[in-house]
Amino acid sequence: MTEAGRMHHDMGGQEAGPVQQAAHSHPDWEKRVDALMMLLSNNKRRLIGVDEMRRGIESLGKDSYTKLTYYERWTASITQNLIEKGIINSDELGRKMAEMEAHAKAGGGRIGETD
Amino acid sequence: MTLRSDGNVLDHYQAMELAVSALLIDKGYFTEDDMAAEIDAMAKRTPEIGARVVAQAWTDPDFKARLLEDGTGACESIGLDMGPTRLMVVESTADVHNVIVCTLCSCFPRMLMGIPPDWYKSKDYRSRVVREPRVVLKEFGTEPGADVDVRVHDNSADMRYLVLPKRPDGTDGMSREELAKLVTRDSMIGVKIVEAP
Amino acid sequence: MARFTSGDSVTVRRAFPPGHVRTPYYIRGKSGHVERVLDSFANPEELAYGRDGLPKRPLYRVRFAQSRVWPDYSGAPGDTLDVELYEHWLEPAGEESA
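Here the protein sequences line up with chains W, G and Y, keeping their order.
With positions in the first sequence counted from 1, the corresponding number in the numbering used here is that position plus 110.
Every letter in the second sequence is one number past the one before it in the numbering used here, and letter 175, counting from 1, is 171.
With positions in the third sequence counted from 1, the corresponding number in the numbering used here is that position plus 554.
Same shape as in the complex, but just chain W:
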């Protein structure tokens, strides 16, 4: 049965499997994504609204639900929104991502302020 008007995030009523109840650990990276979302949307800054972030996730396309994890989708949406608003641009983002990857490859270690 085709449901042409249904968007992929709008899941209620679809066929699915048993609910997998096991929890996974919540690594630091994911906590940072949660924190980033809160920092950007809180009343102090209002850089990106929660509705904009949700819409950003919905815009990722249907494969995003099979190919990306929950936090990867949030990261993609936050980033897309920041680029759309001109808060960051692709050029500086690309350079900074490469810098992060190179730093990790060289052995990681502490970056930024002390804990």
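Please note: incorrect hints may appear among the correct ones.
Pair by pair, the computed Cβ-Cβ distance ranges are [to be verified]:
{"hint": "1", "chain 1": "W", "residue 1": "D173", "chain 2": "G", "residue 2": "K134", "range": "27 to 33 Å"}
{"hint": "2", "chain 1": "G", "residue 1": "S73", "chain 2": "Y", "residue 2": "P571", "range": "40 to 46 Å"}
{"hint": "3", "chain 1": "Y", "residue 1": "R590", "chain 2": "W", "residue 2": "P137", "range": "37 to 43 Å"}
{"hint": "4", "chain 1": "W", "residue 1": "I197", "chain 2": "Y", "residue 2": "G583", "range": "37 to 43 Å"}
{"hint": "5", "chain 1": "Y", "residue 1": "P609", "chain 2": "W", "residue 2": "H134", "range": "41 to 47 Å"}
{"hint": "6", "chain 1": "W", "residue 1": "S200", "chain 2": "G", "residue 2": "A32", "range": "24 to 30 Å"}
FYI, nobody ran anything at the bench for these hints, they're computed from the structure.
For glycine and all other residues, C-beta sits at the position ideal for the given N, C-alpha and C.
Using the hints provided, position chains G and Y relative to the given structure of chain W.
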């Protein structure tokens, strides 16, 4: 902050998050301390907060009435920081069993419960609990009788829902603190009931 | 001024636009009753695109009998589904345009 890496190769999205955060800090939108403070604040938000609200409602009829009428106001009246949350509390009884979902994303009363469990955000839960709630509840070991109405709440808009679970029999005389220890996150979502010790 | 009040029978409009819509697909075209009138909020369909979403619109909690939402519902007859819906998605029951 140490880089998380598997064999010194960063995941694409981990690199993206680190880069985005670093750029935003460089540009002065927030500081690393702000990030640390937010992570710390999030860590303090656990279901124990919601459990205290439930235990108070079970032992204080005026508070319970207020909670069901104005969830946010009632919680603030006992000193809880609700942030921008608009809370709606739904009471499970002998006749009604409530269960909460956000079919569109993963809306959850984080100020009272912390982050939602993975299964709450999953396609399996979001797709099926609106359509066959009793089957899903059974997977969690919960089986309301046929004479109990199962009421599903889809958090489709601005309110955030919390189930006030039915107080189990055999808990008379327990202190508020003892009662709060019985109340689990899953009972406040509605997939489990609260059991007497 | 909210158009509907608690107890009113309403039908969810049967429309399927793209964009950021907070009316779940499964509830469109279904009929239920207003369980309560909630506050008014800025329209998320507009907020999602960086606009202010004003004027605020009334939000309703609408209760549906599960047996009227799913043709093959196999739970108990008293089971219900509550969804929060914005006023512009609701019509008085029986008057929904085709």
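So which of the earlier hints does this model not fit? none
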